[in-house]
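*Asks:* Given next are the chains, with one letter for each unit.
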Amino acid sequence: MFADLRRITARIAEKFKRRFYGRTFNCPVCHFEIAIVDAGKNRLLVCPVCGVVIDIEEVYGHAVPVVLEVELFRPQPKARVHPLATHAPIGLYPFAVLGAALLMVASMARPFVPGLEPMLTGAPVLADATLVLLVLSVGLSVVTFASGLWDWNRRYRRRSYRQIRLKIAFSILFLLLGGAAIVLHASGAVFSAGSGLVDLGSPLSVTLAAVELALLVAGMVVIASLGHVGGTLVYGK
Amino acid sequence: MMDFSPSPEQTELVERARAFTKEFIGPNSMRYDRSGEFPRDICREAFNQGFMNPHVPAEYGGSPHSVLDHCMVLEEMATGCSGIATAIDANGLSQYPVILAGNDDQKRRFLAPMTEQLMFSAYAVTEPEAGSDVSRVKTSATKIGNDYVLNGIKWWITNGSVASWYFVLARVDDKPTGFIVPADTPGIIRGPKEINLGQHASNTVRVTFEDVKVSEKDRLGDEGDGFQIAMKTFDHTRPGVAAGANGIAKAALNIALSYAKRRRTFDKKLISNQGISFKLAEMMTRLDAARYLTYKAAWLFDQGSDNAREAAEAKWFAADVAMNAAIECSQVLGGYGFTTEMPAEKLIRDAKIYQIYEGATEIQKMIIVAKLMRMREVH
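Read top to bottom, the protein sequences are chains A and B.
For the first sequence, the positions run 28 to 264 when the working numbering is used.
For the second sequence, the positions run 5 to 383 when the working numbering is used.
Keep in mind the hints are simulated off the structure, nothing from the lab.
No experiment lies behind these values; they were computed from the predicted model shown.
Treat the hints with care, since some could be wrong.
[As the list claims (entries may be wrong)] Lysine-lysine pairs mimicking DSBU-like chemistry, simulated, CA-CA at most 30 Å apart:
#1 A/42 <-> B/197
#2 B/197 <-> A/68
#3 A/44 <-> B/197
#4 B/221 <-> B/236
#5 B/300 <-> B/273
#6 B/197 <-> B/26
#7 A/68 <-> B/265
#8 B/273 <-> A/68
#9 A/68 <-> B/221
#10 B/111 <-> A/264
#11 B/217 <-> B/236
#12 B/300 <-> B/369
#13 A/264 <-> B/26
#14 A/42 <-> A/68
#15 B/111 <-> B/147
#16 B/265 <-> A/264
So here's chain A without its partners, still in its complex pose (with noise of 0.2 Å):
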């Protein structure tokens, strides 16, 4: 089941690739996947992981990349600010996302289990601690997007990449996300402040925990895409 699951995840992300990026080709020297319009209309580019200058021309529909020099002395990022943020949003926020997915399970099996009242007692504790990691989580990451945005202008030069658009995107994206499951988390709409759960009585709760919850998976998906593609910018492919 999990090998099907990865393999229907490894084909959508690959269609949206495609489709985000267009043609590809491997880098002869790294194999970091780069998308052949990055090159623009001088065929020239650099390659963002191991610094080669790339002439590429398409034959027949077959990309052939000629190495034409070495980009050396490519500025390194100064104390690492972002690889070193980059770990702190994605560290936090899957447990934000578990904490308020307890949180949910909690509220629709309270009545169908009755033991479970007594272990109820610290859900309000869950509740305020998601809030922390979430704010956390999405405050970090304006860090560290500001950082990326910084190692963009020097290492990269401002070179349109396409993986450093996704990535821009992508983390605009997710503070939105994130910036909406803050607002609706905090409000008390979704969790009540006395019992720390869903209100299962109330429609409009119901309707904001299940809107609450997909702003929380979605946010998911695109912090671990993001975190991907900045590996790939790194490690290459």
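Place chain B on chain A using the hints.
*Replies:* Just chain B now, with coordinates in the frame of chain A:
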């Protein structure tokens, strides 16, 4: 009068095939080569654009091309990827025995549906102990009432696991006989995809027949006609195989040329070195020679003339030209030609099969010599 210029219709057809290749085949060739997946989506696009089943006669729903036109199209497609081109074109090999020896009912049941929706068929002749020597096939067909019962193993069957029906050569009381066998007939077991050296996008499998019942109405021609049908098919298909090899040679030349014009070495462009530029000149000349042999063999078939010698010459020569061009392309690319990120190594792997399938190079030479032996002098 001799005329080497293509007609306006041929030019338009080739341009369409080239555009299709550049859009769908070339950019996906590496992906299918690595995954080994059958390129069904590209075949569907080829079907929609009218590039599949070009042999089916018009009365059965086809829009047939001449063999010469087909060779020109196939050369373009194989320039993108000969594995994908094989997947698109392999139907022809099994359709032709039906076109050649099938009756109206068989053509309506097996050819017509292939023009209405995307379907595949396969030519199941080769066996584990009978490759070039087709007369050694052991698959048996035992007549029981109005049916035949087939038993045997067919090996390296292109499109074998996606086919809706097979052309099968089997022995009826030692007489080689051709049958059309629907793939859903009980007793047919399709093996896993073979992992070959090249042409990974092409589906090649083992097909086992265990007590497979075939109706008498699905026999092609009379009992004992099978060998002739199987061999005559090659007169039709060998120019196409040569065209596929020409596609590889053309891809190799284009890639080497593109690289040599841009790569710099010793403060000048690679192509400025005679050692490299002469290779390109030789590749171009060999490709032209292979093309003319191919077109001649195809043209002779279209004229209704015997083309067995010319088809053998084209198939042998084009295969060798493709192999040589792929190796030279790798040489021009230097170290990059040896890596899997560049298309040259794939061309070498793909080219090899052209020296083997549809009659190995040595078989082609035997055919040529057999024809020579009947000549008093060569003109």
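*Asks:* Could you run down the list of hints and mark each one as holding or not?
*Replies:* Here is how each hint holds up against the structure:
A distance of roughly 25 Å separates the Cα atoms of residue 42 of chain A and residue 197 of chain B; the hinted pair therefore holds under the 30 Å criterion. The straight-line distance between the Cα atoms of residue 197 of chain B and residue 68 of chain A is roughly 42 Å, outside the 30 Å bound, and the hint therefore fails. For the given pair, residue 44 of chain A sits about 28 Å from residue 197 of chain B by alpha-carbon distance, which is consistent with the 30 Å threshold. Distance check on the hinted pair: residue 221 of chain B and residue 236 of chain B sit about 22 Å apart at the alpha-carbon level, within 30 Å; holds.
Only pairs whose Cα atoms come within 30 Å are accepted, and residue 300 of chain B paired with residue 273 of chain B is rejected, the gap being roughly 38 Å. Our distance criterion of 30 Å between C-alpha atoms is met by residue 197 of chain B and residue 26 of chain B, whose separation comes to about 27 Å. Only pairs whose Cα atoms come within 30 Å are accepted, and residue 68 of chain A paired with residue 265 of chain B is accepted, the gap being roughly 18 Å. A distance of roughly 21 Å separates the Cα atoms of residue 273 of chain B and residue 68 of chain A; the hinted pair therefore holds under the 30 Å criterion.
In summary, the hint linking residue 68 of chain A to residue 221 of chain B is not supported, as the alpha carbons are separated by about 62 Å, beyond the 30 Å threshold. For the given pair, residue 111 of chain B sits about 51 Å from residue 264 of chain A by alpha-carbon distance, which is inconsistent with the 30 Å threshold. Distance check on the hinted pair: residue 217 of chain B and residue 236 of chain B sit about 26 Å apart at the alpha-carbon level, within 30 Å; holds. Using a Cα cut-off of 30 Å, the hinted pair residue 300 of chain B and residue 369 of chain B holds, with the two alpha carbons roughly 17 Å apart.
The straight-line distance between the Cα atoms of residue 264 of chain A and residue 26 of chain B is roughly 25 Å, inside the 30 Å bound, and the hint therefore holds. Distance restraint check for residue 42 of chain A and residue 68 of chain A: the Cα-Cα separation of roughly 26 Å lies within the 30 Å cut-off, and the hinted pair is therefore satisfied. Our distance criterion of 30 Å between C-alpha atoms is met by residue 111 of chain B and residue 147 of chain B, whose separation comes to about 23 Å. Under the criterion of a C-alpha separation no larger than 30 Å, the hint pairing residue 265 of chain B with residue 264 of chain A is consistent with the structure, at around 28 Å.
In summary, the structure is inconsistent with hints 2, 5, 9 and 10 from the numbered list given earlier, while agreeing with the others.
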